[in-house]
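Reconstruct the complex from the two isolated chains, following the hints.
Those protein sequence lines, which keep their order, are chains E and Y.
Okay, so the first sequence: first residue is 1 according to the working numbering, each after it adds one.
Okay, so the second sequence: first residue is 1 according to the working numbering, each after it adds one.
What the hints contain is simulated information worked out from the structure, not anything from laboratory work.
Any given hint might turn out to be false.
To be verified - If you only want the chain Y side, here are some residues facing chain E, beta carbon under 7 Å, derived: (1) V50; (2) A59; (3) A67; (4) A69; (5) Y92; (6) A200; (7) E201; (8) R205; (9) I208.
Said to hold, decoys possible - Non-contacting residues of chain Y with respect to chain E, defined by C-beta distances greater than 12 Å in every case (computed): (10) D133; (11) E181; (12) S187; (13) P191; (14) K266; (15) D299; (16) G332; (17) V335.
To be verified - Now the stretches of chain E that chain Y is said to cover, found in silico as 3 or more residues with beta-carbon under 8 Å: (18) 74 to 80; (19) 100 to 112.
If you're wondering where the values come from, they're calculated on a predicted model, not measured in any experiment.
Backbone N, C-alpha and C define an ideal beta-carbon position, used for all residues, glycine too.
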Amino acid sequence: MEELAGRPKSLTEQEFHYCPGCTHGIVHRLVAEVIDELDIQEQTIGIAPVGCAVLAYDYFDLDMLEAAHGRPPAVATGIKRVHPDKVVFTYQGDGDYASIGTAESVHAASRGERITTVFINNAIYGMTGGQMAPTTLEGQKATTAPRGRDTKEAGFPLQMSEMLATLEGAVYVARVSVDTPQRIKQAKEAIKKAFKVQLKGLGYALVEVLSTCPTNWGLSPQQALDWLEDNMIPYYPLGELKSVGEVE
Amino acid sequence: MSDKILMKGNEAIAEAAIRAGCTHFFGYPITPQNELPAYMAEKLPEQGGVFLQAESEVAAINMVYGASAAGARVMTSSSSPGISLKAEGISYIAGAELPCVIVNMVRAGPGLGGIGPSQSDYFQATKGMAHGDFRLAVLAPDSVQEAVDLTRQAFDIADKYRNPVMILGDGVIGQMMEPVEFKEIDSPELPEKDWIVDGAEGRERNIIHSLRLKTEDLTEHNWKLARKYEQMQEDEVRYEEKLMDDAEVAIVAYGTTARVVKTAIKEARAEGIKVGLIRPISLFPFPKKVIKKAAQQVDCFLTVEMSTGQMVEDVRLAVNGERSVAFYGSPGGAVPSPAEILVKLKEVME
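Chain Y extracted, bound-state conformation (with noise of 0.2 Å):
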């Protein structure tokens, strides 16, 4: 018999955090990821742990960086204008190397934009989140039942890599519904905390800052980090391929977009098209080398996203010119249909 319940993609990725051992939640609230924060507010107490809504944005990722310090599974969600206002404490969080879960379901932009699904924080999460030279690890879902389970490897990575990780949806992901099942994972080893601080009870005191004023100690430190991120990049990367063996032409997406271009090349290969996807799964690590490799078979790429093109450049940097990269958007909060990606496609084959 199926353990699967029906649930939103919202609450299922509230309920993969508790069961992940994720006692602390602080956030404020915004469309649409309400019903995280609002199942947080129902559940974690009950446990033990503790649901605080803050004042704000910044105060809630900066509650976050005192419970990851003081050794806390810890995780905060919200949508594109909150995450833009989290993005300072996320600097820090990564400079001081604390592990988190940020969850962002984006929604359009810029400014206020708009509430409908999109794309366009993908430059935000993956590259120019604030200021300094970090990364996160982000995580892009296209379905509730792959929402729980990357929760679930969310914390992990977190503590494996001492470094915030981000859960990037949108409101398709976060409303919709879907049956899942919370599948009993065991923990991987991971190191010890032994750097909290909780008082310095019998050991030597622990500090948790990012400034480093000596321009030595400042270098060494952001060449650590970026060993970290090159480790990601060889042990983190996360894709689907689907129908590629034979593809003639890859469409490249990833998320909400990614199951609307299934749809499409389901219809295209009905008409004799010889189309595969390749689905990032980890949009940072990028999985480049897969994409590298395809450049070698398929003759051009598509790219889909709900944006003016973010992730197409991450594309044609793995593609190094050895073939072409069409790029089809929709950045306005619509999900694009997938008679539309199939006019694209037939376009960019001619």
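Looking at chain E on its own, in the form it has when it is part of the complex (with noise of 0.2 Å):
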């Protein structure tokens, strides 16, 4: 009998330990099919963030490694420029590659690092238990905006995206979602094209999926759902910020 569906083989047994409607679970599988299907399951390190993927190590059934917060690039870096024939990635969420790693994250595409980052953008900080992120919305009540965020105050959210398609080096840069079926293929297919940069060697390949946190957001996975559409796609706007066309 022909198996029309299944685990992808670059993930492992181990159950997720992700909240109900968090869509990190989709974007885990999202990768996983991509490495099967470019078959480089045995020539990918990836390396898992800070924050409530650092278990990712424990998904991909892949050589992982766990970095220190917001330093994936730079250790990314470090395991590329030893085995430059590899496939290295990161896979991080906001606090990690848009506050505390900023640098690494700039620096990494801004040498055109031939690596992929994946870039889970919830807008909070989900492991700690809801605190105002680089990435919250104006208004979005967190932990530590408990009045919402008040641009006055806290500034405003950082559009990584935005900042790092101006890099020469980072030569694919897409935002994407995970909120619908049809954006959930779309990411998938962008997510497939960053690897595709990387193994062409063309350059700094970045893929950022809006996400939801239904748990810190004080939402249900539904609700959530609706929310990201209303409210993170206008400030986040989809699609391919920089692209280098067809990549085979």
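And the structure:
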């Protein structure tokens, strides 16, 4: 009997620890499917962040490494410079990639490191319990912004993709969302392209994935999907911000 | 015919690292170690290696983490304020049990301090580098030749124990030119690197991490690290004794300071003072046994450091109250003179 659906080879049997309605699981699956389809499981090294996805090394059935908070792009640089023929990706949240690790993110992109970053933007700190993230929207409540983010005090939400798209070394920058089946499909295409860009040695590739955090947003999973659509997408527009055309 | 060539300490360490098989170097500029990365930038690419100037010390040490995890012999170098920035990464490297060599050409602190030679990072190097229960092996050369020899040994110690090793010098060791010889040394037998991440081709996957959420796992891991450090105490203690046979006073000093102390001892001996030197070469593991033994022989100790008194605490621990341990320090970035040390020595002997 033909199996029409199943667990991607590049995921382990370990059950995800993510909260109900969290979209990390979807993105893990997409990354694993892409690795399977490109047939690069045995040449890929993944780097887990500090944040909700810190245990990603238990979920991806790959050589994996856990890095300090915000440092995955630097760690990935070290690995890639030793094994330029291997595939290296970082999987990072908004605190990791856009706050404490901003310097590492910007400079890895600027150097055009041949690595791929999957950047989960859910506009909140998840693991530590709902603090304000660099990507928290204006007016959005967080434990450290109890009256909502006041841009006069806390500044403005950081649009990482727009910022990094200005850099020569970042050759592929796309923002996707996983709130609908159609967008999940588009997200997978973008992630695949970001890995292909690396396989071709073209430069740094970034896919920002708008993601939900029902637990810390204080919403049900369905409400969270609606909130993402209504609030995040207007500020974080979807699409390829920078592309290299077709990559085969 | 001698194969000696005249080299600056910083450059000689870089050359020794390359000869030890170091293929990757990641660093960030800071005085007084700049000749070391510059030498690497010149030489490493010629040999198929990689030199990369990182955007920060933080990034540099995390590149070291990645390159080491990927299986390379890797080095970074810096000076005190930069080492403080690397401290986070060093803790992760130790926690993940990765080998690497870190050079610290110490300058006087705290804060931005000055650029003069100093030994004020002894505590940081040997005890308080960063959060968590871990140690570095710390080697402190007192000459360019010894810096070369220890650099080679540092890579082997790092691989043997899967632990970061620090070469601790200062501006004098780094900037001074001396004749050096790069001796051909056979590699010791080292454990196979079967733990690296390079894509799990035809083998079980490897995971490199320092996170251990289960208390029993972390407890076991930390005791495992502790046993490595105990093993270092057994096998990696390095020191020099000079004129200790008949000594009534022992001066304990390391690195640049020990060189000056040697001159002071020569002058003291000419005056009939029976003084000898114990020079720790490995600061961790600390040569406590030789100091403990000397406590049975000498009347008192004098520790001389370019700090307000750091290694002296380890000397006192080793002496364990059996004899008095005096201290003389120069904490501002100046090397003490032999005359100053001689005055202090006479004062101590009264």
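Here is how each hint holds up against the structure:
1. Taking 7 Å as the C-beta cut-off, the interface hint given for V50/Y holds, the closest approach to chain E being about 5 Å.
2. For A59/Y, the suggested interface contact is upheld, since its CB lies about 4 Å from the closest CB of chain E, less than 7 Å.
3. For A67/Y, the suggested interface contact is upheld, since its CB lies about 4 Å from the closest CB of chain E, less than 7 Å.
4. Hint on A69/Y holds. Least Cβ distance to chain E is approximately 5 Å, under the 7 Å limit.
5. Interface restraint check for Y92/Y: the shortest CB-CB distance to chain E comes to about 5 Å, inside 7 Å, so the restraint holds.
6. Residue-level restraint check for A200/Y holds (minimum Cβ-Cβ distance to chain E is 5 Å; threshold 7 Å).
7. About 4 Å separates the beta-carbon of E201/Y from the nearest beta-carbon of chain E, less than 7 Å, and the hint is met.
8. Annotation: R205/Y was flagged as interfacial toward chain E, and the flag holds, the nearest CB pair being 5 Å apart, inside 7 Å.
9. The restraint placing I208/Y at the interface with chain E holds, with a minimum CB-CB distance near 4 Å, inside the 7 Å limit.
10. The Cβ of D133/Y sits about 17 Å from the closest Cβ of chain E, beyond the 12 Å cut-off, so the non-interface label holds.
11. Even its closest Cβ contact with chain E, about 30 Å, leaves E181/Y beyond 12 Å, as expected for a residue assigned away from the interface.
12. Non-interface call for S187/Y relative to chain E: holds, since the shortest CB-CB distance, roughly 20 Å, exceeds 12 Å.
13. Consistency note on P191/Y: stated as away from chain E, and its beta-carbon is indeed over 12 Å from all of that chain's, at 19 Å minimum.
14. No beta-carbon of chain E is positioned within 12 Å of the beta-carbon of K266/Y; the least distance is around 47 Å.
15. Remark: the non-interface label on D299/Y is consistent with the geometry, its nearest Cβ contact in chain E lying 50 Å away (cut-off 12 Å).
16. Annotated as non-interface, G332/Y keeps its C-beta farther than 12 Å from every C-beta of chain E; the closest such distance is 33 Å.
17. Taking the minimum C-beta to C-beta distance to chain E, about 36 Å, the non-interface status of V335/Y holds against the 12 Å cut.
18. Check result for the stretch 74 to 80 of chain E against chain Y: holds, 7 residues qualifying (beta carbon to beta carbon below 8 Å, three or more required).
19. Given as covered by chain Y, the stretch 100 to 112 of chain E passes the check, having 4 residues with a CB less than 8 Å from a CB of that chain where 3 are the minimum.
Violated hints are absent here; each numbered hint is respected by the structure.
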